[in-house]
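A.B. asks: Letter by letter, the chains look like this.
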Amino acid sequence: MKRLINKRPSKPLAVFLGIFPFLILLFLYQVGSDARKAENERDKLLPSFSEIHHAIDRLAFTPSKRTGEYVFWQDTKSSLKRMLMGLAIAALIGLTIGLLTGAIPMLGANLTPLVTAISLIPPMAILPILFIVFGLGELSKVVLIVIGIAPFMTRDIYQRTKELPREQLVKAQTLGAHSGQIIVRVLLPQILPRLIDAVRLSLGSAWLFLIAAEAIASTDGLGYRIFLVRRYMSMDVILPYVIWITFLAFLLDWMLVRTSKTFFPWYHVQK
Amino acid sequence: MKHPFVRLFFASSVIVSLLFSSQAALAKDNFKICWSIYVGWMPWEYGDTSGIVDKWADKYGIEIDVVQINDYIESINQYTAGSFDACTMTNMDALTIPAAGGVDSTALIVGDFSNGNDAVILKDKKSLKEIKGQQVNLVELSVSHYLLARGLESVGLAEKDVKVVNTSDADMVAAYTTKDVTSVVTWNPLVSEILTTPGANKVYDSSNIPGEIIDTLVVNTETLKANPKLGKALVGAWYEIMAKMEADKAVREHMGKASGTDLAGYEMQLASTKMFYSAADAVAFVKSEQLVKTMQYVAEFSFDHGLLGEGAPDAGFIGIETPAGVFGDKANIKLRFDETYMLMAAEGKL
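Note that the protein sequences, when read in sequence, are chains C and X.
Under the UniProt record's numbering, the first residue of the first sequence is numbered 1, with each subsequent residue one higher.
Under the UniProt record's numbering, the first residue of the second sequence is numbered 1, with each subsequent residue one higher.
Among these hints, one or two may not hold up.
Claimed, not checked - Okay, derived cross-link-like pairs now, EDC-like style, lysine to aspartate or glutamate, Cα gap no bigger than 16 Å in a straight line:
| id | chain 1 | residue 1 | chain 2 | residue 2 |
| --- | --- | --- | --- | --- |
| 1 | X | K160 | C | E69 |
| 2 | X | K132 | X | D104 |
| 3 | C | K37 | X | D104 |
| 4 | X | K232 | X | E159 |
| 5 | X | K225 | X | D338 |
| 6 | X | K229 | X | D58 |
| 7 | X | K179 | C | D34 |
| 8 | X | K349 | X | E240 |
| 9 | X | K55 | X | D71 |
| 10 | X | K32 | X | E45 |
| 11 | C | K261 | C | E167 |
| 12 | X | K163 | C | E41 |
Stated by the list, open to error - Sample of chain C residues lacking proximity to chain X, with all beta carbon distances greater than 12 Å (derived):
| id | residue |
| --- | --- |
| 13 | L80 |
| 14 | T96 |
| 15 | S119 |
| 16 | V133 |
| 17 | G137 |
| 18 | R166 |
| 19 | I216 |
| 20 | L228 |
| 21 | F263 |
As the list claims (entries may be wrong) - Simulated coverage check for chain C against chain X, where a stretch passes if three residues somewhere in it have a Cβ under 8 Å from a Cβ of chain X:
| id | segment |
| --- | --- |
| 22 | 102-110 |
| 23 | 173-185 |
| 24 | 245-257 |
Hints listed in this document are in silico derivations from the structure and should not be mistaken for laboratory results.
Positions of the beta carbon are idealized from the N, C-alpha and C atoms, including for glycine.
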């Protein structure tokens, strides 16, 4: 049927259609930048591509005059460290509490309302308290990420555990398994890929909390740099950093998917 | 419109087309100025609510919109990007943000200078020398950072003797109460708040470098040239407010309340601010040789910290014009201190 809704793009066309909007975006940026530059050659709002290139070169490939470090890589390292620690701790908390409360009704009955209540507290609102309790150092930045995403993960894992078919538990019991064995052998393996899903879903908020934490008190990190140069409207630094953060977020997500597919292929067959 | 990229594309094209629209500096009769909360800028709030600004705008047949912006840096960025015709800022920020961004700016009104409002505070230590080796929490690359650099210089230390930690001003007070924070540099009202905690000692403040941290109203030079009426109206309104502020306690109380404190709190901040209530004083300050020297310090500090932009080969890259002379490149003047309008006010010609 030769109707528009039935036409499908061929593979190369599909790739092109995917890239095309990006090209348009770049083109529009270039035009906008030129227009502002024509009026004021030192305009900082829309830096030219060569200025952005210079900024990247200065930050990523030239040692800093003040510390001798490669600022960009140092920022990336610090931020990734905080991010991965935060994610790991939050995932561990989410898995442990979520699984146990989901599996053992006696625990679930008491804990879930508390977890729900905690998950509803906006972490940014209690920031001053977090500072006083955890200090201003690395710990508070990781804690902010954990407080931001662990309750969500806990609730998610709790739900996913509850969702597993009751028949499996009955079957394991008829085979003589005790509660511990059921949790470790039946529930845990099925929950792990779901935990990866939960981590993927919370990546966005985790980045948000990381950058917020670095904006408040820091000596390095991707968020720190953005908030530092924001003072001078250095969009030539901010734009590459934002693109880099987006790329890192994409990469983390992609690696989680790969991990899930490698270790839990059965989970992806079901879907 | 289903595909996410398509939607992204449309959304972005709208944003980009917005970015195109920059302010044309032609003759017009509608102006916007922005200000943020600070002891020396509260008069703009009073001028707006009391109708004094409108009165002066009417006198010159123009319209002036006074907008309060909660985030100080955001207000300067907005001005630099062209959304406002004038904005309140310090001399250092005027040099490093709009001027370094190529926006030719004129300090139309020099309202006051910080005379103790910015301070270095140490926990349980009594002299500035003891700051050596400590971690110092401050808003990096701000006037606080400048004050610290000047303070360290005065006791023979350098910035490498301390470790600077960038800390948001909004969180400074909470940060000070934590264990690992031992020294901070910040400004009022945060300074007076922190000094109420036991063991907090003010070891150095802006009264040690009087007249170096200057609070001004900065106007886009081209706009001002094309519209002298704007300059006249703003300066006229300002000195009418100043006269009321100096004479009338109720006016100061109003300003105090608007900045989130009370009369006593506001007068305490005023005590560490040198207000130029009379236009003649401000003119004398702007015309002095000392201002050139001050701006040289500020330019050197800014250059050392990479704040004058990528292409800047030395501290004099951006020319700064004052009535007493020019510091830096005469062919690239982007920041001007202009006493013309304040002089008109002093002579009662507005």
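A.B. asks: Are the hints correct? Go through all of them and say.
C.D. replies: Taking the hints in turn, this is what the structure says about them:
1. X:K160 to C:E69: holds, 15 Å
2. X:K132 to X:D104: Violated: K132 of chain X and D104 of chain X sit about 39 Å apart, past 16 Å.
3. C:K37 to X:D104: The given pair, whose Cα atoms are some 14 Å apart, holds under the 16 Å limit.
4. X:K232 to X:E159: violated, 43 Å
5. X:K225 to X:D338: holds, 12 Å
6. X:K229 to X:D58: holds, 11 Å
7. X:K179 to C:D34: Measuring from Cα to Cα gives roughly 50 Å; hence the hint is violated.
8. X:K349 to X:E240: holds, 13 Å
9. X:K55 to X:D71: violated, 28 Å
10. X:K32 to X:E45: Measuring from Cα to Cα gives roughly 14 Å; hence the hint holds.
11. C:K261 to C:E167: violated, 26 Å
12. X:K163 to C:E41: Violated, because 36 Å separates the two Cα atoms, which is more than 16 Å.
13. L80: At roughly 19 Å from the nearest Cβ of chain X, L80 of chain C sits farther out than 12 Å, so the non-interface label holds.
14. T96: T96 of chain C is indeed farther than 12 Å from all Cβ atoms of chain X, at 29 Å.
15. S119: holds, 24 Å
16. V133: violated, 9 Å
17. G137: Violated, since 6 Å does not exceed 12 Å.
18. R166: holds, 38 Å
19. I216: Since the minimum Cβ distance to chain X is about 5 Å, I216 of chain C lies within 12 Å and the statement is violated.
20. L228: violated, 6 Å
21. F263: Label holds. Min Cβ-Cβ 29 Å, cutoff 12 Å.
22. 102-110: violated (count 0)
23. 173-185: violated (count 0)
24. 245-257: violated (count 0)
Hint compliance for this structure: hints 2, 4, 7, 9, 11, 12, 16, 17, 19, 20, 22, 23 and 24 are broken, all remaining hints hold.
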